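K.L.:
Next come the chains, spelled out residue by residue.
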Amino acid sequence: MGGDKTKIILSITPPLLIIILLFYGGIFYGLVQSLGYQPAIGKYEINFDAYYNILFSERYAKLFWTGLALNLWVSFVSTFLAAVLALFAALAIRKTFFGKTVCNFIYSLNLPMPHLVVAVGIIFVFSQSGLLARMLAQLNIISSPGDFPVLVKDKYGVGIILAYIWKESAFFFIILMSVLQSLGENFEELAQSLGANRWQRFRYVILPLVMPSLFSASIIVFAFSFGAYEVPALLGVIYPQMLPVMAFEFFLNPDLNARSEGMALSIIIALIVMILVIIYFWLTQTRIRKD
Amino acid sequence: MTEVNIVNLIKNFSGMTRPAVDNISINIQNGELIALLGPSGCGKTTILKMITGLLTPDNGDILLDNQSILSVPTEKRNVVMVFQNYLLFPYMNVNENVGFSLKMKGDDPKVINKRVQEMLELVKLPDIGERRPKQLSGGQQQRVALARALIANPRLLLLDEPLSNLDAHLRDEMRELITSIQKKLGVTCMFVTHDQEEAVLLADKIALIFDGKLQNFAEPKEFYEKPINVSAAKFFGGVNFIELNKNTNYFDSSIGKIISNQKNVDELHSKCIATIRPENIKISRENIYQDNFFKGKIKSVIFSGTHTRYKIVINNLNLECSLQSLGIQNINKEDEVFVNLPKDKIWIMND
Ligand SMILES: Nc1ncnc2c1ncn2[C@@H]1O[C@H](COP(=O)(O)OP(=O)(O)OP(=O)(O)O)[C@@H](O)[C@H]1O
Ligand SMILES: [Mg+2]
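Listed in order, the protein sequences are those of chains Y and H. Using my numbering, the letters of the first sequence map in sequence onto residues 1331 to 1621. Using my numbering, the letters of the second sequence map in sequence onto residues 6 to 356.
Heads up, some of the hints might be wrong.
[Claimed, not checked] With a Cα cut of at most 20 Å, we get these calculated SDA-like pairs of lysine to any residue:
1) Lys1430(Y) <-> Asn1440(Y)
2) Lys1425(Y) <-> Tyr1486(Y)
3) Lys108(H) <-> Ser1341(Y)
4) Lys1392(Y) <-> Tyr1486(Y)
5) Lys110(H) <-> Gln1530(Y)
6) Lys108(H) <-> Gln1530(Y)
7) Lys348(H) <-> Gly332(H)
8) Lys110(H) <-> Asn1440(Y)
9) Lys110(H) <-> His1445(Y)
10) Lys110(H) <-> Tyr1486(Y)
Worth flagging that the hints you see were computed from the coordinates, not collected in a lab. As the structure is a computational prediction, the values presented were derived from the model and not from experiment.
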């Protein structure tokens, strides 16, 4: 027995080491850079200047805090709406064979589609020169495509939110369908025979049953949309700018001194996501303990 | 407190060659406990679901106190079904589970609390209100499910396989609890089982169903003494069957003439089948019988405590006989014996 264990540990150690080195090594290197340690340009001293600059300096603070607000707004709204949309879609079509097939097909196609493609699609459909604007103008619902509201590259991130909803609702949908499938209809039938009407069955049976999976999926989606770069880069505006885009621009900056700020910002983004995840676990843990 | 009339109920499912429920009619008196008995797939759950309204019948009617309920939606029928796997809401504690239907009605929380406590006492679980379903044993879960079903005074209580998930010793306890509560509250109740012993022990009357068709609806005793056909007899442990040809006042068979004093002889076809329960057959070394006696040979003797079982062959016909072990005669394998089929115990049926 003991020999087996040693063998297993020995055999998984090399790949494990590589993973740890690559992954945590990268993070460690980033962390060190964010603290101003950049031997390449002759900087060896450790300080928090980059963090201070991002959070409080006249140059970056306003950009950072508006960016953070936009980030939170976009991630919360898109995650919430994608979850709600997927929930209603899943509930509406789960009992119809046709609806199930069609929705499954659309969403399954959607899932592997790169975010970049979705972003381009959003521009194609929702921009002022897009399909929708031209169609509405053609139908005389608006007088010219220019009257179409600014939904893409707008300061409230509507285009970004639309792209995330479109993409992330597929993820929610597939999770929800499998949860609903495994739950079956017995709980609802039971509740119905106990006198629960349609709304009460949704409120007191379906919602609490799917909530745990919906919540976990939301955390994943939220964390992803909070840190993702390509959709806001394509569909966002210069100001306010979402944090991942801001971080990336620091890296593109030919001035190597901006590297530290870029790294500091990336680490701040990672920290915020981590704190949110910890809060989530803390909340669910206390809920379980209360149970 | 409800009288139930199920009239010519039919349900078809696509993909099935026969109706899942085929023209079933059952009348249940107020306060009766009825068993729907039959093998797996015979349509028992489908019948319960039609009564709750979760399925719509293709034909027929369901009446509670002489009023059709087919147009009433499930949630307004006040017909409560307890599912086989209890289905306690995992995110609610026992109190919330039991109080569910009153909450749906919008009752005052104080009233709900009081009723919940009463119900938990009724099922003999007064102190577990704060627990989660996960923290309960199977038997406790079953009782909570029962309390949850009974709290709103249902007009009709439906139990789907209430005992099949329980251990043997819990089953006895639960069976007694169900009957005592059912009689105490006087609630009309219908339960589903595939176990004839369970049906006999619990039910006032049994509806025996094969392949969606009602075979017989009668008191348990009748299924033993006067089965409607061979399959019904076999389902209740019948093993002795003798093919007969009807004559004016006797029956011919491969072992000879058989007489019966059955009343409904006129209803029997010219070819019919006699059955007799093993415990009603008599055997003896000497011929001490008046009629329906035959010479046979003992093929095997199996002692099983209180009873001893004999396999007898008479002219190629095999019969089983079961005698009380106490005071038994000395009869052994290969012995020649006289076998008596008492004419008041033999039952003849069409098939
Ligand atoms: N929704 C459905 N669609 C198609 N066929 C069904 C459906 N529900 C039940 N059936 C079929 O109808 C028949 C009766 O099913 P039912 O569930 O009523 O049987 P049961 O007597 O309750 O069996 P068991 O003892 O196994 O629970 C079965 O052959 C089953 O396959
Ligand atoms: Mg069933």
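K.L.:
Determine for every hint whether it applies to the structure shown.
P.N.:
These are the hints, each one checked on the structure:
1. Lys1430(Y) <-> Asn1440(Y): holds, 15 Å
2. Lys1425(Y) <-> Tyr1486(Y): Violated. Lys1425(Y) to Tyr1486(Y) sits at ~37 Å, over the 20 Å cutoff.
3. Lys108(H) <-> Ser1341(Y): Answer violated: Lys108(H) to Ser1341(Y) is near 58 Å, above 20 Å.
4. Lys1392(Y) <-> Tyr1486(Y): Distance of about 16 Å is within 20 Å: holds.
5. Lys110(H) <-> Gln1530(Y): holds, 10 Å
6. Lys108(H) <-> Gln1530(Y): holds, 10 Å
7. Lys348(H) <-> Gly332(H): With Cα atoms ~24 Å apart, Lys348(H) and Gly332(H) exceed 20 Å; violated.
8. Lys110(H) <-> Asn1440(Y): violated, 43 Å
9. Lys110(H) <-> His1445(Y): Judged against 20 Å, a Cα distance of about 47 Å means the pair is violated.
10. Lys110(H) <-> Tyr1486(Y): Cα-Cα ~44 Å, so violated.
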